[in-house]
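K.L.:
Chains as they are written, first to last, in our numbering: chain H, 1 to 300; chain V, 301 to 812; chain S, 813 to 1131.
Errors might be hidden in some of the hints.
Rough simulated footprint, nothing fancy, chain H against chain S, three-plus residues with beta-carbon under 8 Å [stated by the list, open to error]:
hint, region
1, 818–829
2, 865–879
3, 929–935
4, 953–962
No more than 27 Å apart at the CA atoms, straight line, and that leaves these computed lysine-lysine pairs for DSS-like [claimed, not checked]:
hint, chain 1, residue 1, chain 2, residue 2
5, V, K597, V, K654
6, H, K64, V, K654
7, S, K936, V, K715
8, V, K690, H, K64
9, S, K863, V, K472
10, V, K482, S, K863
11, S, K936, V, K740
12, H, K64, V, K472
13, V, K663, H, K64
Worth flagging that the hints you see were computed from the coordinates, not collected in a lab.
Just so you know, even glycine gets a beta-carbon here, dropped at the ideal spot from N, CA and C.
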Amino acid sequence: MTVATGPAIATGVALTTRTSPRVGRRLHRVFFRNALVTAGTVALALVLGIAVLGPVMSPYDPLKSNLRHRIQPPSMAHIAGTDAFGRDVFTRIAYGARISLVLSLVIVVLTTVVASVIGVTAAWFRRLDNPVMRLMDVMMSVPSLILAIALMGFLGARQDNLVIAIVVTQVPRMTRLVRSAVLSVRANEFVELARALGCTNARIMVRHIYPHCVSPIVVQATFLFAQAILIEAALSFVGVGTPPPTPSWGNMLAEGREHISIAWWLTVLPGISIMVVVLGLNLLGDGLRDLLDPRLRGQD
Amino acid sequence: MMNRRTLLVTVALTTGIWLAGAPATAQPRAGGTFTFAVATTPPTLDWHTTGARATIVYAGMYIWEGLVAMDEKFVPHPMLAERWDISKDGLTWTFPLRRNVRFHNGKVMTAEDVVASLNRWRQVSARAEMLTRIEEIAATDRHTVVFRLSAPLASLPFILSREGQQPVVHPKEIIENAPVNKLSAYVGTGPYKLVEWVPDRHIVLERFPQYSARDDVRGGLAGRKVAYLDRIVFRSIPESEVRMAGLRTGQFDAAQPLPQEYLGELKKVPGVQPVIVKFDMKPVMYFSMDGPTKNVKLRKALRAALNMDDIMYAATGSQDFYDLNPDQLWFRFQALWSDTGKEIYNQNNAAAAKALAKEAGYKGEPLRFLASATQFHHKRPAIQITEQLKAAGFNVTLDLRDWPTVSQLQRDPSKWDITYTRTVVTVPSEAELVTSMGFKSPETQKLLDTIGTETDIEKLRAAFEAFKRDVIVEQVPWVTMGDMFALRGLRSHVRGLQPIYTHPLWNVWLEK
Amino acid sequence: MTVYVVRRIAAAAGVLLLDVVLIFSLIHFTPGDPARLIVGDERGGSANVDKVREQLGLNRPLPAQFAAYIAGLVRGDMGRSFFSREPVFDMLASRVPLTLALAIISLVIGLAVALPTGVLAAVKRGSIWDQAFMLLAMLGVSMPSFWFATVLMLVFAVALGWFPVVGYATFTDSPGRWLWHLVLPATAIGVAQAALTARMTRASLLEVLRLDYVTLTARAKGLPEWRVILKHALANAAFPIVTIVGMNFAFLLGGVVIIETVFALPGVGSLLINSVARRDYHVIQGVLLFVAAANVMMNLVVDLSYVVIDKRVRYGAAT
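In isolation and in its complexed conformation, chain H is listed as follows (with noise of 0.2 Å):
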C-alpha cells in the first residue's frame, strides 16, 4: 500500500545482485544513523517487554473482577487506574498486549504467505491471471465488518473466526500488491537472462523474483500488522472483535469509549499502546525498506 505499487517507481529497479558483506554496514546505517528508526526498534522493543514481563510482574488477575475498586484514577496501586469491573488497566494492557500482537502477528503471517502464492501464481502463469484476480476483486468487495459479524455469527464467537474474517478481506489487497511488484520485476531482463540459462519457472520465481519484491512486501506487512489491531479495535466497535472478558486493546478501547469524558484513562492507554507499536512497527518498516530495496543498495 506505500511503495512500489506503481509503475512510475518499478522503473527505478536496477539490476543489481547481492553482496552479503556489506550488509552489516547497511544494518549499521539504518539502526545508528537514522533516529527514527532506533525510536521504532526501542518503542516495540518496550511493548514487547511490557507484554512478556508486565504479567509476571503485576500483583492483579487480568479478568477477576473487583467492584468496590471499579473506575479509579491512576493511583500507586493501580498505575493506570482500574475500569469498569474494577480491573488493573495496567494489567489488563500488558496481557492484551499478548493477544493483539499475537492476533496481528498470525493474520500477518498468514496474510503474506497466502497472498505470496496467490500473488506469483497470478503473475507468472498469465492464463491464471485474470480469474485469480477477478475472484480477489469478489473477496475484496465484501468488507471485513460484515465477513466477520458473518463468521463470528455463523461459526461462534472466537477469536480464530477473527483472524479468519481480517486475513480473507486483507489477503487481495496484498495479492494485488505482490503481483504487481512481480509483473514488474518480471519485465526486466536479468529474468530474460535467468531463463535462457535454462532456469526452471520455480527457481527463476523463488530466486530471482520474489526477492526483489519483497521490499514491498514487508512494508505492506508492517503495514499490516499495524493495520491488524485498528481493524480489530473498529470491530470491537461493533461488538464482535476480540470476545470479552478477554482483554485486548481494540476491545478496551472500544469498551473505554463509553466512559470517555469520566475516565480518560481507560482508552487513552489502549490508545497510546497502540499507537506506540502502530508507529514503532512503521518506523522499523521503513528501516527495513531502506535495508532491502536493491535501490538503494551501494549507496552509501
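Chain H is already provided as a structure; the job is to place chains V and S on it using the hints.
P.N.:
For chains V and S alone, coordinates are given in the frame of chain H:
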C-alpha cells in the same frame, strides 16, 4: 359493574412512583421544539405488530390512541372510550366512544374505525391469540363498540391498554386500502402527528391542533394530554458519549439512556439535571430445558452461587441504580409484590452451590452462557455472572454475540444453557413469559388459566403466591437479578416530564 | 488493447454477479432473524414471528428467495426495507450524496495536508522537518478512528463549541451549515488519509528526484528549484499517488462506516451498520452491492490506467 371497575383499580398498584408534576406556581408555556436524544430507532411504526419499546415511546404513543390507556400504576382508564360497561354474565362489554374525536386527516372517528382497527389487530398481532374468548367485535351504532365473549375475560381492559402491540385506532380507509400487514399512512387521533420518520436519523412530530383532550388527569399514557410543545424530535444517537455531549452543549433537551456512571458528571454540568428512572427493567437469567440445566438441582445450584449485589453493581456502577428486590415477578410498587422466596434470592453461597451441584451429578460439563455484546445492559452483568459461576466451580463459557444473533439463538434451547434478557411485567397475564423459554409445568398452565378469569384480587394474589412458591422457588425456570434503574439527562428548562420509562412529552413544556 | 478493455469490463460484470451470490449467501447464513426484531422484545410471541416471516417472504426456501431477488435486480428493483418498507434504491439514493460528500471533503482535507508536508519532507529529506512530519503522519495512521472522532468532538464541539456535536444540513438548504456539520467527521477520516498520502508523496517524490533525467533536464533549463520540484518532479510522482488514493477509496469507505455511526450521520455507512444490526436483508444487500460496484469500478479504472501508462506491462498483447 362498579365492583369490577374497583377490582381493576385494586389489582393495580400502589406505587412508589410520583407524578413529576410542576410546582403549583409554574404556568405551562406553549411552544418550542423538544429534541430528545435516544439510542435506538423503531423497527417499524406499525404498533399493532410490534412490542419494540422504540416504536411505542418514540412514535406510537404520540400518534395513536386505543380505547383504553394505562396509567403509570398500570391501572387501565378509558381513552377513546367514554367508559366501559359489562353485562351481568360478563360476556358482553360495551364501550361508548367519545364524540368529536378527530384523526390527523381531519376525519371524525367513529365506531366503524374502531371495529376495523381491532379486527386488523386480531389478524396481525400474536397478542390477539390471547383473545380466543372474543367472538365478535361490532359497532352497534356510530358511537358504540361491543365485544361479545364466549367466556368471561376479566383482563380485557389490561389487554386493550397493554403497550406491546396495543390495539390502537386507525382510520378505517387506511387499513382497508392496504394489504393487511401494511399501513398506507400513519394517521391517528393522538396529540401529535407524524411529520417525518427517517430511520436511524430522526422522528419528527408536530402538535395536532384539533386534538381533543380528555378532562380526567392521570399519569402514564392515560388521562388528559395537553400538547404544549410545537414539535418533538427524537434523534437516534447510538453512541452514549455523543448523547451526553449534545446534552452538555444544549443541542438536546433530554438524553436517555445514559450510562449510569455519568450521574456524578451530570450533576456537575450547569443547566442539566439528572433523573433516575426507577421503573425501567428487571434483568433475568433463563435456563435451557434442553441440556444439563434440564436438571432442576443444577438450576438450584447455579442460583445459589449468585451474588446479586455484585451483579447489579457491575451492571449499573452505582447503588443509586438498583434495588435488590427479591420478588421474581413484580416491582416493589406493584400490588402483587411480596417477598416470598427471599431465601433463594441473592444467596451468594458457593459452598451450597457446590453441594447442590454434586447432588445434581454435575461433573464439570460445559455450560454455555449466551448474551449480547451489543446491548450494554447485557454485557457487564453477563461477565460478572460468568465470573461468579466459575468461582463456584461451574464450567461456564460466555458466548457474547450481537443482538440479532442472540435473539434468534434464544429460540433454540439446544444452542445455549443459560441466557440473559430483561423484562418489564406490565400486566398480570405476562407471567406467560415463564413458558416462553421452553419451560412448561402443570402449575404454570393452571396459573395462566386462573389469571384470565379470576376476578377476586385475593384469589389472584393467592394464585401468584402459590406460583412463586411452587414454580419459581422449587423449579427455577428463571432467576431475576433485581430491579434496574435508568439514567436520564434533562436540560433544566424542561418541566413536567414523568420519571417513567415511557417518558411522555405531552403535559411537558419548556421554561423560558 | 481494445480487446483487453472489453474483456476487462466483461470480467468486472462477472465479478459483480459473483458478488451478488456471495453477499446473498453470506447474509442469509448469518444467524439473526429480522422478523423477531420487528416483533420486538416479546418473548411470548413466537406465533407472531412466524406471521411476520410469512409476510416478509422469509418462509420460502432460500433458492426461491434468491431467484426472486435476482428477478427483482434484473427489473432494477433492489427490494424494500423489511422495517421502513422504503425501496432500497430510494434509501441509497438519499444517503449516497452525504457519504460521497464526506469522502470527498476528507480527501480534500487529506490532500491539503498531505501534499505540502510530503513534498517538504522529501525535499528536506533527513532533516528535522522530515522526521517530524513523518512522525506526525504515523501518529495519524495509528489512531483508531472512532476514538479520534470522539476526542475531536469532545474538544471542538463540547469544550470549545466551534462545531455542532451531531447533525446534518443538506447542501441545498444551506451550503455553509452543510460544511459546518461535516468538518469534524471529515477531519476524523481525513487524518488517517492524510497520513497515508503524505508518506506516499514523500516516497514517490524521492524516487523521482533520484531519477536524474527529471531533475537534471529541468535544472539544465535553468528553472528555479521549487519549479523543478513542483512542476516536474511532482507531476511525475503523481501517478502512484493517485493510484494509492484510488486504492484507498475502499479503505476510506470503511472509515466512513464507523465515523457516520459516531456522528449519527445518515449516510451509507450508518445505513449498513444499522441494517446489519436489524438483519434488514434487502438493505444490506443493496448497500454491499453498491460498495462492491464502486470497488469493481475503482479497480477497473486503476487496471486500465496501468495499461495506458505503463507500456511495459502489455496485457492484451500477451494473450
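K.L.:
Against the structure shown, which of the earlier numbered hints fail to hold, in ascending order?
P.N.:
Hints 2, 3, 7, 11, 12 are the ones this structure does not satisfy, whereas the remaining hints hold.
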